[in-house]
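Protein chains in written order, with numbering that gives the first Met the number 0: chain A, 0 to 126; chain B, 0 to 254.
Calculated directly from the structure, the hints in this document are not laboratory data. Honestly, I wouldn't trust all of these hints.
[Unchecked claim] Listing some non-contacts, in silico: residues in chain B with all C-beta distances to chain A over 12 Å:
1. Leu53
2. Leu60
3. Lys62
4. Lys70
5. Leu78
6. Ser95
[Said to hold, decoys possible] Where chain B lies over chain A, by a calculated footprint (3+ residues, C-beta under 8 Å):
7. 63 to 75
8. 100 to 112
Since the structure is predicted, the reported quantities are computational estimates derived from the model, not experimental observations. Idealized CB from N, CA, C, for every residue including glycine.
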Amino acid sequence: MNNLSIEKTKFTPEIIFDAESGVLTIRGESYPENTATFYQPVFKWLKDYFNNVNNEETKVIIELYYFNSSSSKVLMNLFEELDNAGEQEKKVVVEWIYDPEDEDSLEFGEEFAEDVEHIEFQLTSKS
Amino acid sequence: MQIYFTGALIDLSDLFTIEKKIINEAEELIASESDNETPLLNEYSILLSNYKKLYRQLTRLIKINDKQSTKLTSENLILEEVSKHDALTGILNRRSFNLCFENEWNKALKSKKSIAMLIVDIDFFKKVNDTYGHQAGDEVLKKVAEVIQSSARREDDIAARYGGEEFVVLLPNVILKDAKNIGEKLRKKIETIDYSFLDKSVKLTVSIGVSTIIPVKTIQSELLFNQADKALYEAKKTGRNKLCLYTDIEGAGKC
Chain A
0 MNNLSIEKTK FTPEIIFDAE SGVLTIRGES YPENTATFYQ PVFKWLKDYF
50 NNVNNEETKV IIELYYFNSS SSKVLMNLFE ELDNAGEQEK KVVVEWIYDP
100 EDEDSLEFGE EFAEDVEHIE FQLTSKS
Chain B
0 MQIYFTGALI DLSDLFTIEK KIINEAEELI ASESDNETPL LNEYSILLSN
50 YKKLYRQLTR LIKINDKQST KLTSENLILE EVSKHDALTG ILNRRSFNLC
100 FENEWNKALK SKKSIAMLIV DIDFFKKVND TYGHQAGDEV LKKVAEVIQS
150 SARREDDIAA RYGGEEFVVL LPNVILKDAK NIGEKLRKKI ETIDYSFLDK
200 SVKLTVSIGV STIIPVKTIQ SELLFNQADK ALYEAKKTGR NKLCLYTDIE
250 GAGKC
């Protein structure tokens, strides 16, 4: 299947989902004008990916230092999708990258980590 | 730097007492019917499960958003302070001076009290930069700013860096005689500062222009500044390292 590649903008993150390697990255900031519209292709791609691709491991790398409330909800929805995949015996690892100089960015990762049960959630320092 | 509140709200459950009650009652109901499973009860269980999920997500969202708001608020406070002050000397900058001046002018319009303005300009400042380098010039500016700041001692007094080597002091409720004394003390104090540049002992002086006005509606606040500026010009013209009052040069007067 095709890869997903969305360029970074001032208000939205860079999104690169590579179906072959199973590495999905989201980097930058997220405060789009219409969050649902922006992330709709992301969820569509993810659904296709888990239905059709069978990688040994899927690694989701997230480096988001600023995101608005609706993006928070999107992230929760995302982790729920990943957790469901994990529940169906797929190996999924989330790597949440935080800025060691910004305590909040670590705490946000910890918040999201609390909601998943079937996947590994790593908190990794930026440097 | 005050930060309004720190730390996350650890436990938001106090905000959700009604929702928690609903959840508890629903869980109890399901438990009590556990040996009487019906499709309706199953649906109810699924609904409860989703309700609990949304509850968790909502509390998470609130926590995250609160942290972001706090951070933005304190960052804004810092930025506000930074935007008001001169980066090199730490004294107020021209922009904040203008705002404060308008404010004091309006207050004096009501109180009908005299406002004094002193414009302080370092003599031959360019020569310091040219002879000893910009770091020396920076040191001079910082030291002079420090002394000028200390002459603005009362709460409503304002000292600011107005231009490259020009400073301004605003003294509300001060009459000319007292403004002159304050200015003279300032001039003398700056005169005695000893700098050491390239192993040479260097001293600098300032010229000061002083003016006072009791504001009335028919005059613009710029007039106070213009008058002090004219007095400063006269001080420079007649030898420097001195203080001139606008009233000295009014008419055919001399400073």
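Here is what the structure says about each hint:
At the 12 Å boundary, the C-beta of Leu53(B) falls inside the reach of chain A, the nearest C-beta of that chain being 10 Å off. The claim that Leu60(B) lies off the interface is violated: its Cβ sits roughly 5 Å from the closest Cβ of chain A, which falls inside the 12 Å cut-off. The beta carbon of Lys62(B) is not kept farther than 12 Å from every beta carbon of chain A, the shortest such distance being approximately 6 Å. With 12 Å as the threshold on Cβ separation, the claim that Lys70(B) sits away from chain A is violated: the shortest Cβ distance comes to roughly 6 Å.
With 12 Å as the threshold on Cβ separation, the claim that Leu78(B) sits away from chain A holds: the shortest Cβ distance comes to roughly 16 Å. Its beta-carbon lying about 29 Å from the closest one in chain A, Ser95(B) satisfies the requirement of being farther than 12 Å from that chain. Counting residues of the segment 63 to 75 of chain A whose beta-carbon sits less than 8 Å from any beta-carbon of chain B gives 5, enough to reach three: the coverage restraint holds. Counting residues of the segment 100 to 112 of chain A whose beta carbon lies closer than 8 Å to any beta carbon of chain B gives 5, which reaches the threshold of three, so the coverage claim holds.
Hint compliance for this structure: hints 1, 2, 3, 4 are not met, and every other hint is.
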